Amino acid sequence: MDFRERIIKTETLSKDIHLIRIRSERITDSAIPGQFVNVRCCSGLDAYLRRPISICRVCRSDKTFDIAYMKRGKGTSLLCNFREGDAIDVIGPLGSGFTMPEAGEKIAVVGGGIGIFPLLYLVNSCNDVDKTVFLGFRSKDAVVLKDDFERSSNKLVIATDDGTFGIKGFVTGPFYDWLKTNRPDKVYTCGPLPMIKSVAEYCIERDIFCEVSMEQRMGCGIGACLVCACKVKEGLDFGYARVCRDGPVFRAERLLFE
Amino acid sequence: MDFRERIIKTETLSKDIHLIRIRSERITDSAIPGQFVNVRCCSGLDAYLRRPISICRVCRSDKTFDIAYMKRGKGTSLLCNFREGDAIDVIGPLGSGFTMPEAGEKIAVVGGGIGIFPLLYLVNSCNDVDKTVFLGFRSKDAVVLKDDFERSSNKLVIATDDGTFGIKGFVTGPFYDWLKTNRPDKVYTCGPLPMIKSVAEYCIERDIFCEVSMEQRMGCGIGACLVCACKVKEGLDFGYARVCRDGPVFRAERLLFE
Amino acid sequence: MDLSVNIAGMKLKNPVIAASGTFGFGREYSKFFDLNRLGGISVKGLTLEPRKGNRPPRIAETPGGILNSVGLQNPGVHAFIRDEIPFLRGFDTAVIANVAGNTVEDYRAIVEILSDADIDAIELNVSCPNVKEGCLMFGSTASGVFEVTGAVRKVCKKPLIVKLSPNVTDITEIARAAEAAGADCVSLINTLLGMSIDIEKRKPVLANIMGGLSGPAVKPVAVRMVYETAKAVKIPVIGMGGISNGNDAVEFMLAGASAVMVGTAGFVNPNVWVETVQGIEKYMRENGFEKAADLTGALII
Amino acid sequence: MDLSVNIAGMKLKNPVIAASGTFGFGREYSKFFDLNRLGGISVKGLTLEPRKGNRPPRIAETPGGILNSVGLQNPGVHAFIRDEIPFLRGFDTAVIANVAGNTVEDYRAIVEILSDADIDAIELNVSCPNVKEGCLMFGSTASGVFEVTGAVRKVCKKPLIVKLSPNVTDITEIARAAEAAGADCVSLINTLLGMSIDIEKRKPVLANIMGGLSGPAVKPVAVRMVYETAKAVKIPVIGMGGISNGNDAVEFMLAGASAVMVGTAGFVNPNVWVETVQGIEKYMRENGFEKAADLTGALII
Ligand SMILES: Cc1cc2nc3c(=O)[nH]c(=O)nc-3n(C[C@H](O)[C@H](O)[C@H](O)COP(=O)(O)OP(=O)(O)OC[C@H]3O[C@@H](n4cnc5c(N)ncnc54)[C@H](O)[C@@H]3O)c2cc1C
Ligand SMILES: Cc1cc2nc3c(=O)[nH]c(=O)nc-3n(C[C@H](O)[C@H](O)[C@H](O)COP(=O)(O)OP(=O)(O)OC[C@H]3O[C@@H](n4cnc5c(N)ncnc54)[C@H](O)[C@@H]3O)c2cc1C
Ligand SMILES: Cc1cc2nc3c(=O)[nH]c(=O)nc-3n(C[C@H](O)[C@H](O)[C@H](O)COP(=O)(O)O)c2cc1C
Ligand SMILES: Cc1cc2nc3c(=O)[nH]c(=O)nc-3n(C[C@H](O)[C@H](O)[C@H](O)COP(=O)(O)O)c2cc1C
Ligand code: FES
Ligand code: FES
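Protein chains in written order, with our numbering: chain A, 1 to 258; chain B, 1001 to 1258; chain C, 2001 to 2301; chain D, 3001 to 3301.
Isolated chain A (complex conformation) (with noise of 0.2 Å):
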């Protein structure tokens, strides 16, 4: 199996955010919201293990999907070496996807960081279903793909830690505060482990279906060598779930966050 695919173009969203355009038939055909692909950003020792990044927006008649990542340590830095016309090796779609709307659902979403991306993805493919989305970022300078949330969303509200951009504080407060006249029928968290953790016990207390994403330090990313697990329960007892393959979407009530 070859898993080269090609860049059909790279984009910088803000100072840390890239986004990669690629072209994959493979993997457009199958994708679902919620899945991932994993990136080998070199193709030698410098980044060895690849990287698990969330599909954020595919396009089935051009055959294309971005992915959107946060420059952080070695991989992703690599991967801003990537330029349009290139090959990258991309293993997907990867993972369990978020469980879809039903038409005329009234849907909220919460978005943090590098959480935001699969949610672009999610937003982008329900039609029919009233969308409210709530997205958190540290800065001004960190908000990125406003324009394409607001254009697949019936209510955009953004919050900025340093009120530099929208309301101040944690993206979770305006939620709350909009929760207390709305009820939504489904809502789907993906952000730092603080926020999702508290949307998470939220919904959970006030019976909302409630769908979180993920994040675990990935090997095989295929399910096969056990090493990002995420504690679920199981039963009266907890057990350890792969977040590659049980998920990385996994429903709330079975999380148990540490």
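FYI, nobody ran anything at the bench for these hints, they're computed from the structure. Hints should not be assumed to be uniformly reliable.
Said to hold, decoys possible - Subject to a maximum C-alpha distance of 27 Å in a straight line, what follows is the list of computed DSS-like cross-link-like pairs (lysine-lysine):
# : chain 1 : residue 1 : chain 2 : residue 2
1 : A       : K155      : A       : K197
2 : D       : K3203     : B       : K1071
3 : C       : K2291     : D       : K3203
Keep in mind that this is a model prediction, so the values were computed, not measured.
Please arrange chains B, C and D with the ligands on chain A, whose structure you already have, making use of the hints.
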């Protein structure tokens, strides 16, 4: 200290032999024939150690020098990715050089394979000298830098192992024939072990001044780690000299070939 | 050309086996390539009872390698027999049950159970660095290895492979103990004990603090140990540690291995197992080897 | 900010020391940077009499590391005292004499000689993997380390550092033996025994067959051993093995090292020693450490 210099051009000389021209005042100002540079082939772990490559040509006026290398393993394969305008990390000039002939002397130069590169810089650098050059290659396809050697020598003899170009057989054949009727003041040789050994022994027997440029795997390349050992006479005993610093050029009499 | 090798009474169609713990029970990778192309599969380490494994994070990337601290998460031997063997038997490849325990009694019990199961061999993991008690202790002394191998041998009706830890002063002493106690084969190396620190958080990357190092970085240590071991024992040696292609596999075979296992490299390149078989074949063709078995120990010293 | 550290009775201006065998006697690298910037220099391993060292090739490149088999080529202790100390004393940096021998008597004799020389400390290499007899044997057992350290201690008037081999089952046992026998400090790790094969020639790359692995590849093993050792002994620990920058050095210090040595990385980047000092400084600044010594063992578990 910063060892990065700019690449002025790259050129493919034959299927496996490539040339890189580098601008470096630091190196061109002080280099002498026989010296080498230690090249970093990548910034990461894929070819971790530097590779020693001889200085093949120097142009003092435009501050450039050339290295020519054969694509063999990991490092030299990575070198093939470098392009005009790229920065390249080269430490040098390193090692001892050849003893330059005096004006009016007659010299012979015997090179084989990748051993020809330091010899080009040598013949290019001596004026008022009668220079006869013997070069050995595998086959016609492998013949490189012929015009350059021709231009700067009085006589050029080429041999190929398979006879597809010049004289068939080892280059030592025509050299020894030539020696029957010629007595050079100095002989310089670089190339495969059997060749340099044979040339060295031949010259020692006839009491002809002979210098040999040696190869050995290197660590530091500057004399500190003692890995690049070359067996040499030490009085009645033997010892190990450092190819990178005591050499790569040694007087034939000093060497103990294994 | 004959790629098959005979080890410990098994005939493998080629010398390439998927390394335990990196390949689950084969299901996941079966979607990437045809498992029939493998010489064998060593399954995820099994214990008598199901195990949850260690807290995450369980993996850290290191220069040219990885640290893992999975800690033997597995569904237990009974679930393996019930749910996984039928699937694995759908392929024409050797099935090796990798087993671990805390006590000699654990090892004896699980081997007894597996002796009646439809598998080709048992690989005794006496060297897992990721569990507090138990197998690491056995694996680090010759007497420990002798004791557990001997106890198991009495009840083992399958070819018995003992998997050795590299975290020892003298691997040959340990290998000889396994041989003396009746092992049919030794496999090595398991992971090197290592540690990695996140200096921003000032905490170990792994929740377990330490983990086992594998991948290309360990290859020279593994080749050395395979070389030493192959000279020290008469039973065959299965070599592993950082193999990423056919050339690496040949290196282990020349050093004395009769077969090889490949693990970590598959995380990066799911084709690695198939490519390793092809690479061995190519080397044999170009270097005039008729039988893969002739590569074993063909080093010229 | 205070970068200085006190170890074994020495005050180093910063915690970065050039590792033995990678830095000669400092002459070569002095042309690349100002040796005054180093905390210290551990010189090439010295023996009583000059040594020729092993046959070449003496180096092999491996994934993320190198194997070397220099085998203690050195001019002997007397030539060192006569020719090298005066040069080294031209710089304001600690001079550590790394010594090795075949017998306890050798070690005692060389340490006695060096005790009267103008150096700051003696580092006992009981762990060189590249010589047939002698130091590797001592280094691989607690009793061997105890014996040689004890014998040397009696005649040693300088701070005594014992350099440990990583090729052992339990590094803490060895470190404790060194401490019990009177070592002022332990340094680790020396190289991991490894081997690499040229499959085209079907021969080991190193003429010596095996060699010592160093460089980034070994870092996780080294960090683990430093962590274990620092918890096991009260004397300070000097950490090394694959350090390539300030962050790596900080990793070792958080794990428990009081100072670090840097070797192999200098082959690739001759600025590595200076950059490591700068990197530690940067980390301290960004993370609110006033004294480099406070980094030692500052890991949060
Ligand atoms: C299912 C999933 C989807 C993701 N989607 C995105 C996305 O769309 N955009 C994006 O920017 N990031 C995403 N991430 C996080 C992304 O994988 C990490 O930021 C990235 O791996 C960091 O690699 P690095 O080389 O920059 O960092 P390094 O620190 O050099 O990485 C070292 C190792 O740790 C792993 N690692 C480090 N941080 C994380 C992390 N947060 N999660 C998982 N592994 C990590 C790396 O994969 C690598 O193996 C996702 C993670 C998961 C698990
Ligand atoms: C003083 C000197 C001058 C040289 N000049 C030239 C030149 O002008 N042109 C040229 O093509 N080659 C030259 N060489 C040989 C060149 O260094 C090797 O071909 C090159 O290092 C091979 O690297 P690789 O990554 O392709 O091979 P790999 O096999 O991947 O190298 C692995 C390791 O072995 C070392 N190594 C492998 N072969 C040799 C060798 N023959 N000599 C020294 N080290 C080796 C590498 O440096 C590296 O450390 C010279 C060697 C020396 C010592
Ligand atoms: C994630 C992971 C899990 C492992 N689990 C086991 C195991 O359960 N039993 C075992 O004997 N070895 C286990 N190993 C060790 C491998 O089987 C192998 O010995 C080691 O990884 C070296 O080979 P490699 O470098 O090709 O991976 C595991 C290795 C990894 C990376
Ligand atoms: C070429 C070379 C020679 C060495 N010689 C010695 C030596 O003489 N004495 C010694 O104690 N250690 C010696 N070492 C080991 C280093 O001092 C150090 O312990 C090891 O290389 C790990 O550190 P590094 O990865 O930073 O190089 C040598 C290492 C190398 C690479
Ligand atoms: S990364 Fe291997 S099981 Fe998830
Ligand atoms: S390469 Fe280090 S001394 Fe020559």
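Now for the hints, and whether the structure bears them out:
1. A:K155 with A:K197: holds, 23 Å
2. D:K3203 with B:K1071: Satisfied, since the Cα-Cα distance of roughly 22 Å is no more than 27 Å.
3. C:K2291 with D:K3203: Satisfied, since the Cα-Cα distance of roughly 20 Å is no more than 27 Å.
Against the hints set out earlier in the document, no violation occurs for any number.
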